[in-house]
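Residue numbers (this note's numbering), protein chains in the order written: chain A, 1 to 333; chain L, 334 to 1049.
It should be emphasised that the hints constitute simulated quantities derived from the structure, not laboratory data. Worth double-checking, as some hints may not be accurate.
On the chain L side, residues computed to face chain A include the following (Cβ under 10 angstroms) [said to hold, decoys possible]:
1) 385
2) 914
3) 915
4) 918
5) 951
6) 957
7) 959
8) 975
9) 1036
10) 1041
Ideal Cβ placement from N, Cα and C applies to all residues, glycine included.
Spelled out, the chains give:
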Amino acid sequence: MPGKEERMQGFEYASPITKAQAVALLSEMRGETEVLAGGTDLLSLMKDFIVTPKRIVSLKGIPELKGMTFSAAGGLRIGAMTTFQELLDSPTVRRNYRSLWDAIEGVTSPQIRNVGTAGGDLCQRPRCWYYRAGFGLLGKDESGKALVPDGDNRYHAIFGNDGPAYFVSPSSLGPALISLAAKLKIYGPKGERTVTAEEFFVTPKSESDREYGLGSQEIVTDILVPAATGIRNATYEVRQKEALDWPLAAASVALKMTGRNVDAARITLGHVAPIPWRSKAAEQAITGKAVSEETAAAAANAAVADAKPLSRNSYKVQLARVAVKRAILAAAS
Amino acid sequence: MADYKWPDAQKRVHIGKRISRIDGPDKVSGKAKYTFDINRPGMLFGKIVRSPYAHAKIVSIDITEAQKMPGVAAVKIIQGPGTEIQWAGDELVAIAAVDEHKAEDAARAVKIVYERLPHLVHDEDISKVPAEKINRAADGVTGDPDKAFSEAKTTIEGTYGNAIITHCCLESHGQIAEWTDAQNVLLHPSTQSVSSVGGQLAQSLKIPANNVRVKMDHIGGGFGSKFQIDRWGVECANLSKLAQNKPVKMMLERDAELTVAGSRPSIYAKVKVGADANGKIVAWQSEAWGTGGQGGFGTLPMPYVFTGIPNQRRRQMTVATNTGPSRAWRAPNHPQVALITMAALDDLAAELKMDALDFFIKNIEMTGVRANVYRDELLKGAELIEWKKNWHPRGQGTGTVRKGLGLSIHTWGGTPHASDCDVTIQPDGSVEVKLGTQDLGTGTRTVLNIIAAETFGLPLDAVKVMIGDNRYSPSGSSGGSTTVGGISSSSRRASVDALNQLLEKVAPTLQAKPEELEAAGGKIQVAANPAKSVTWKQACASLGSQPITARGKQPGQGTLATGGVGGIQMAQVSVDMETGIVKMDKIVAVQDCGLVIDLKTAESQVYGAMIMGTCYALYEERIMDGATGKVLNPNMEFYKLAGIGDIGQMQVHMMTGPGHDERGVIGLGEPPTISPGAAIANAVANAIGVRVPTIPMTPDKVLAALAGKGGANARV
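So here's chain L without its partners, still in its complex pose (with noise of 0.2 angstroms):
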């Protein structure tokens, strides 16, 4: 049995370094082809009848026009009459055409009759909602909470929370289907799941999971909202059989995309939370409430990494509103409980008196097991933005321009999903590495040209990374960030094995055994003795005619890749004290995830985190109106993200080396997504003095907050 470990730090040649992405030139250039870019011989385009109200009843439709337009080659309702549907966009009929235009208008051509019936999109205020749409879940107590704070020194209590914010993926949801033949389809979705959307699709259409074809060589964002077919995909297959197996291509547009294809559910809570009189926190008590559309949102983590605060109650409710439902998230809930618990806390050291690095630190044991990470990260950070150089108590800025800090700490697991992984070495030398992933941002494809690379000795160019395919051995889908532990445990145990192979062809050409050989350098060597070696190109020259191909497994023999990351980040703000603009100074992460397989790839999903952070703290809000129960900013217009000018100075700090390396590897794309809102809202209440207790902090919510008026719901 092979040892499959990383190799030792000091002979790491890939591993840890600096490399850049390897299809960052395609993607830049616009070589690389999204599936918004596919076009096929052929082929229709799908669109989607909706429905305009947020909770109807449908009574009637009629397709007959839509039938007979020009250019129109399927017409299929979705939803017939009789349905009661629940939000504004749901899918009614599905319509191929021979362009998008005629498509649209054959849409448009389509007689619907509904019966209106009333609808709840708003759950901000929970003294608002109807009984009767209020879910009540998962309470919980800890120790003994009321006598903690009847012998408390100082108790705060708030109300804080998060708006909906969509995935917002620049390139929407969607995909192009065709019947290849009477019993199989080619699919080239827009999916996180590359090995296992097939497999959906064909259940949907009742052929064999194997008569699914899928292909994706890129995607243009997911977040966690593209693991499934959808109701879009299914549709857009029946199309295609109803078109005589044309290809039908339907990307959802922008305003679809805004209003169903994903959200990430609001939450808010009322929060009490007491400490002594040595600024230990001594008790808890929340109260939370969101909504995620129809559906919930699973068990809240709140109190948010402070899990040992030794006496809480937790109460949460769901509240069911007639919105597009919710889909994952990057780091679900997370992110929501993140930013009430760190702001809870922040308002607490706030009113300790106390600096809050210097109260979080106190409290650091609460936290558990990853409480020296977190310790040694709070110092870290402190030390790159100046902390005690900068940090000023609440409110004591001067000026039209304050600038304050914040800061926020999280937790995520990042365990590798399960990946089979094939690598091949040609008889001439050349190696493929070839799985059923893809790239959401991951470096997917630069983290195992590394690790195929690395482990045999060779350079970079001289492997070739195939992924995107479902012919190819499957892999998990690139959800919870697991991606690069599945997939660099997979390929590195491939590769071992496949060079095992080849050392044992090589062995008698240099007169050693087996595992007396290494690849080094572009050869196999004796590794006690250098000198003797081969190059690559005549090892596999003894391959004859017959290349090896190894199959790579995650779970498998060693631990490659683990899970369980702590981070934190510091925020620096600067708040126009007369407009409530606040505009990003710096924002800086430490953050751990065992072995780094790629500095720069890593440092990318940190800085990608950071905005995406930044956006939904201070601009992202999907904005639902209460008369029509329709989104009002279902564009790019008013459903701000921030551009460059918005983000400011970004900095990012990996914790590699002894103590982090050993764990292996742990995924990383979701743990520094949660933080920002949490330490920006907390540097926005540390520049202005008062709490601003939504997000996003838009300039009325941080005026009405100064003007004392600041309820958790405050839009004026």
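If we strip away everything but chain A, and leave its shape as in the complex, we get (with noise of 0.2 angstroms):
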């Protein structure tokens, strides 16, 4: 009979009706249970041992964590368990925020689209290979050594890497809502509280950490976009096929405009950091000037300015650059 060396990798499959359950069932453990939103990451994990809980709390059968509420003056609710299908087919999403749309268009693969989430988005863990391939999130030898730097960092970051974590946030939908200043609502054992989008998305420092700001114990259950109203916003991401594909780099960009001139700016940059990466430099670039071919080159050049790329890697700061600037004339257009 199998002892306490079992590698049955049983689990627990839990589907809570409310969010208190939900929690309840979350282990303060971290590892020792995941959470389930649509599943497109958590099961691949799963079947590479990368993860390997205890329980799985699903948050499907939560009536309160769907559905989208918007109004003119309060702006958009997303529930966290909105699938990207939904949100593309939303007239309210594609009419006032087309960075979002934009960046859920990205995702080009209908079987992901449909199951999804705007939450699990956020929480999905990096695409890194050496992560994917068992050396752990930080991408470690048996020694101990970085295996990034000094391997293929082709999709790595060009900035935020000065380690340990050298891997992309693979968020589609972070540099959208951080643009946006949108902010995440979160519930755990001692109740509701909010953050920022931008907040949110952590930079680990150890194996154990995660690349956002949830406790073991918290789930997100809404993101909360503020009014857009004379917000012109999109998203460009540099993607080098057609089909399902990440990006290489992208660029969201909400800007609040008096005729051609930019008020003001917020830039966030995708893929080229563990986190979604906000450019003061490039929202500075572009305030006050007025949106052409000129201007938006020299906030794309403000954008990458401090880029450092890796052995491997200094192709993205050009792509980079190239998602900046698009994504300004494209939100400006």
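Bring the two chains, given one by one in their own frames, into a single complex with the hints.
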């Protein structure tokens, strides 16, 4: 009979119907339980033994996490379990939050759009191939040496890559939400709290850290996007393929404009750092300017001025630059 | 002796028409069962423990815990202590359990101690490869290259190359094996060799070849990687034996498929090529290297197609790396050398300030016997892609997104394989064609159906085609573009013989000699007086109770199939100068393959080849990690393949009719796969003004080339 050395990765599947039940089912020990949203990431992580929870807590059966509400004054509330496709099909999103809509359109797999959720997008784990091959979130060999800096880092970070994390945030929605100044409602044992989308993403310092600011017993319940009246916004993703492909770089831009003139700007890059990377330098460069090919290019240059590519990914600096420029032009157009 | 030949063009009812694949509805509806879909009663699932290290010695293997795990039926050590492992993913222990997860868990419970050894997994930069890992081979000199180069008016030098790609069969390798009694095995493989894979297994199991029954209705991709029973096939049968003869299903996981089940060798080359003042090529020099894992890859046909370049120096080296072994990949070596040769010649044309089309045509005589075919094909292709309207001198496009045109030429053999085919005519008029072949994408069933129906003057649905069983008469493996030539010849001969036997029977009824009769329009009729006829059914009724079965053979009397084709492809791309992203606008193929049996499935072969070529030109690369020796992208996420939106417009023109038909049938599977990489690479160079020296042409390489940093292996 199998004893303590049993390899069987049996796990419990819990299907709560309220967020309070969900939170009560989550362990205070990180990794002992995992939250299941759409499952497009969690299942592959489990199949590869990258995560090995004893219990999965599914959020699929919790009505309060679903759906969207919108008011011109209050903005958009997106339930965390809203699917990509629901967002893509929403005229409200398309009309008012183009940067979000653009980002979702970039997820070119109908299968993923149909099951992948907004909350899941924010909490999915990095696609770093060292992490996915079992070398840990920080990608270290048996001696503890980091594999990324001298390894194949063509898809890794060009910002915020001083270590120990070198991966890029895979979130499609994160950059757009940050640029739109969205907030996230989080629910846990101590009740509800609200954080900005920008604060939500964190760069891990150790193997046991996560890339998002949730306690092990907390879940994202709502995404609150402020009213975007008069905010011109767009996302531009540089993807090699039309078919499903991770962006090599992306930028989401939200501009408060008077005529062609930018009164205020929020610019966030995706897939270039362990977190969505807000570029205040780019924001400053475009603020107070009329949007043109030249001013957009200047802002794009400012965005990447501090980039520090790794051994094989300096091309991503150029791609990030292009993403910022094109996102600004698309937002203003 | 019967006179075996193809019907005259004006009499053909089915041959050469555009006929839909007869198994198409089954395939798109899911009714077609692939090996992966087969489940047998009481079936176990097999898994393999693989080496995580690229180079290591096995110190010890402890399977005791795995053996004790619930649901585990058999555990077998494949490579034991003392073995030196040469690539990550090599097979060490095989396990069978009642379900896939229990087998997986047991695999994880096997304890293996390794002594790690240094590994080499990269060969792109030959200067970084230790000398002892390089094998020199196949040097050759033609004419006086040194003198020719010294006299050449224009010379270019460049380094060009191809990353390793994998076969990436959508249906991974694998099989279901079961001992049906103490001496007999039933095998459901995914194989390109229905008739011979059973014998391979029998040899390993030390049972008579006839004792392995092989069945396979459909295969989900092979591309040259599924000829052998493979170690996992043998061990699957061994596990069945250990597990009281229960069926064991073992299909490779996607990561194993991309790591160990087939790769196309990388090939790089430093090339120098010179021309005289008239733009005639006078000299070629190449120093090529590459890796096929531990093994080599045969002599490269370099320079490709332009074999008549008068002065040549060729050098070839293989690098032994600790990577999964190479296998034949659709036209082995040809796509890689086509890329190298056509890119170098295109660079020479650009240096000469010549239109590449004019330059290739000017030098076309150096291609030898098929020069006229290539010339015709180039002119046809130029018409289809509007070359003269769309071409511009290299790099003279403007704007952020720039268009470019490129071309390439290729050749292949495609002579038929050996094939035996049985055709049966029943007294009720039903017809059956039976042979131990497979449909790798060749349209095998459809071709057999067409030939029997054509020969008997029947509609297509009057013929039943049975393949995929090694109890049927043996037919060759589907490799080397040999299948359609082989099976069309054997089935034609069998059909003609069967028909002649029927005509013998019917002749007295029609008061004619058998040789005066013909089968047409569902009747047997007197050729000179078609009013004198009986229906096919009436004719067959004269057989009484004894059906006719005739066996046709390839090779045999009369020439129905030959070999040797030429083709050209032209590509138009759009390149985003700021991102380095290449998009396919259009690709045109002009191809000959002798007599086309089914125009539609022939065109399908070419479409598929161009899609595959677009994949390896722009996306595909098996990425090895230097530190860990592992494949970093053994998945469909980062082992990138084109989707529908990535392949652009495709146009196929088959060279048919007089001058082609009389050559007989020639295989087509491989040739159109050869040129896409070269044509697309040349189109990119035309668009952006500089050469991206290696494929795949990912944005990093395109941007590096634009920044003037484009060495052979420039990644950034």
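query: Which hint numbers does the structure go against, in order from smallest to largest?
result: Violated: hints 4 and 10.
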